[in-house]
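Student: Protein sequence lines correspond, in order, to chains A and B. Here the first sequence stands for residues 1 to 120, where the numbers follow our numbering. Here the second sequence stands for residues 1 to 120, where the numbers follow our numbering.
Think of the hints as simulated: they come from the structure by calculation, not from any bench. Take the hints with a grain of salt, since some may be wrong.
Stated by the list, open to error - Now the stretches of chain A that chain B is said to cover, found in silico as 3 or more residues with beta-carbon under 8 angstroms: (1) 39-53; (2) 94-108; (3) 111-119.
Beta carbons: idealized from backbone N, C-alpha and C, even for Gly.
Residues per chain are reported as follows:
Protein chains: 2
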Amino acid sequence: MITVDLKSRVPIYEQIVDSVKSAILSGLLGPDEQLPAVRKLAVELAINPNTIQKAYTILEAQSIVYSIPGRGSFVSADTGALADAHHAKLISELKQLLDDAKRSGISKKEILDIVNGYGE
Amino acid sequence: MITVDLKSRVPIYEQIVDSVKSAILSGLLGPDEQLPAVRKLAVELAINPNTIQKAYTILEAQSIVYSIPGRGSFVSADTGALADAHHAKLISELKQLLDDAKRSGISKKEILDIVNGYGE
DNA sequence: TAAGTGTACTATTTGTATTAGTACACTTGT
DNA sequence: ACAAGTGTACTAATACAAATAGTACACTTA
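Make a model of the complete structure from these sequences and hints.
Tutor: In structure tokens form, the structure reads like this:
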């Protein structure tokens, strides 16, 4: 569920933050569902517990999870804000990509062909 | 022409590499045109000459520039490969973004509206 | 000859992530 | 009451890569 690439340039704790966010966005982790325990996940990923803790602390600061000492860490009840932020981010990235494509002389037709290749 | 963000996470030498590539792709730098001298650019960007040299070495290894000791560094005569690679990269990023958007429940209509907002 | 160019090399510094180790307070289940 | 499992907190040490500092050499151009 939560994975990490030790060789990546992005810090492990950040990968964990992103991984948890993805799990929530994809529905893999539902509201009030418990996250893996700090120590357990550390063993599973073969990294230091402090690194997991750092990730959970960041997630808690962003109101994406809440932690109860002695109990565990859990997904926040309301994940709407997270979904909204992700949505906005995707739109923004798409616009930037289109700008770049236009500057690079990629035709609108080529782009539309690709977009239309995606079902629905 | 070539800019750098000291606060960015991506290494300065890599920013320079990307910056030169962009300048070439946008036509700001034409074939056989001379790049700023290592020492001069170092002064201009207020960074160490070694960092510039590292960037130029990488660009030369990728056949994007060629260097002549005593003369300077110049844009390669044939920049077609660079343009092709950039084109392929954009297409790939677009596909990935569309995948993500689909997974996030963004409607095709919303995407088409954005794409159609880009002239031509 | 002088100035400007790329190239090469080693040592050092710096910043940040990560690890290591320990300790405390709380909750749950027995 | 107890043990096990949980989050939390803190300091020190380690590791690694980027960036800097400093110097030197070979070449080209005016």
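Student: When the structure is checked against the list of hints, which entries are broken? Sort them ascending.
Tutor: Per hint list: single violation, 1.
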